[in-house]
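J.: Chains A and B, in that order, are what the protein sequence lines are. Residue 590 is where the first sequence starts when you use our numbering, and the numbers rise one by one after that. Residue 282 is where the second sequence starts when you use our numbering, and the numbers rise one by one after that.
Hints may be right or wrong, so weigh each one.
[Claimed, not checked] Subject to a maximum C-alpha distance of 25 Å in a straight line, what follows is the list of computed PhoX-like cross-link-like pairs (lysine-lysine):
1. 756(A) x 388(B)
2. 465(B) x 388(B)
3. 705(A) x 647(A)
4. 756(A) x 411(B)
5. 411(B) x 465(B)
6. 388(B) x 411(B)
These are computed hints drawn from the structure, not numbers from a lab.
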Amino acid sequence: MEFFIQLIVGGLSVGGTYALVALGFVLIFGVANVLNIAHAQSIMLAPFFSFILMDQAKLPAALAFPLALVLTVVIALIVYSAAIRPFLVAGRQSGYLAPFIGSFGASLFIENILAKIFGSSSHPFPIEIQRNVWRLGSIVFVPMQIVSMACVVIAALVLAWVVTRSKTGRSMRAVAENPIVAESQGISARRTIVITITIATILGAASGILFAAGNNELSPFMGMEYGLKGLVVMIIGGVTSLPGAVVAGLLLGIAEALAVGYLSSSFSMVISFGLLFVILLARPTGLFASASRESRP
Amino acid sequence: MLSVNNLTSSYGQAPIIHDLSLDVGPGEVCVIMGPNGAGKSTLLRTIMGIVPNVLSGTVALASGRSLDHLPTHAIASLGIAYVPEGRGILNSLTVLENLQLGTALLKMRYPQEDAATSMASVLQSFPMLKDRSRERAGLLSGGQQQMLAIARALLSRPSVLLLDEPSLGLAPLIRLEVANLLRKIADSERVAVLLAEQDITLAQRCADRAYVLRRGRIVAQMSADELHDHDRLRELYLGAPEVLESTASN
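Input sequences plus hints: build the corresponding full structure.
T.: In structure tokens, the structure reads:
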């Protein structure tokens, strides 16, 4: 039983980070109506920028992490402007496919550039992780798990407040439901999408730093690896549901932890897509389905 | 207040609005009438910058401020309120949040204005909205949604109000209520109201002037009195009597 609870704790920690990735996908899809695959690369870029700033520029972590977030947001906005927005200009609307392909191309471009510069192999993440453990009864916590869970809870609460209570959130929900009506109320859909991508990228970047710090490694391919899991979580959660992304993220994290604990670590991806398959068989629109635009964030 | 000059616009290559000119003055209710496909909605959407292809012509406010090539949100912030066909209510937002979009526009134009006072004043005029302010707007009836759309537009204190088929899907009594409300807004707030409408009764009730549109062109301009000439209207809507007789006999 203790082993089981231990796995659940580990699963919640990792699952919360998956949820952060998925929340970014959900926000962008909900507001901009685009499946932005390149969002996955924010997971990889933030730790790489942190790596460069700490390892090469010798900046302290407290300065390197915020700077890395800013640089990652800049890249995300460049990708949006260059690879997605040209396909969304009024009169040239080309459905889901063209912006999807544009973002997919940008994602591969970024991944390959990083692989070319830093090599394909993994690098150690240059941050001292406390390896001592904390105990709560018989349950053991690694400090990084606590940091990770705290970050996820804070990010989810702040995001919930922004979306449901703030003027920015109201604009995001208005653009998500009907961009033309939102524009006729003085809301710039373009500006709102830029803000949405910024928020989503900060979530993705934070999750990337948490993944890299938790595993003490970073690689040019980690964006797509965790991004795919974020997409699985997004679909399981109902594609456009923010609470759905959180619940599905935790569910996937727990399922993976149990599979790794009782079966083998090689079952991680099998569990992700197996869970997706089973849930979609039972509920084709995901756990928290909201098919119409009006119920998006 | 609003001046449209020689406007030609299209969705693709083929023009929908052809060389169209009209003016709406402050306190005036002007109706664009015409059969389906005449270009009524397209005209309003062109004024609001939603139709991207403006091939020629200009749209300007009385101040001389041109609306040409401005994005829709910038046009809205200049005091042009737009209630699209289907009311344009954001169903997932609460009634209050929908109204707050109007006060946000008000603050954008008049930063010194007190949004809370404006909100209280509008809610006094629409007590039903006050009672249901915490509910999702999508749960309101069609008539209530229309009132919400108009109240939201009024909150931004516009100088021009564009409405696309406000009578659509409403019961006759509610249509009259909407017509009276539009008349009142024009008279008391000196708002220039331009509405696209097929309901002649509503137009008769509130309009000062009407333009009849066919295939994107103005084919007639009528005074409020002429709107009661049903034979003339039928001819303008459907074509000359001899054409009608020939169609009927065929």
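J.: To test your reading of the hints: which numbers does this structure violate?
T.: none
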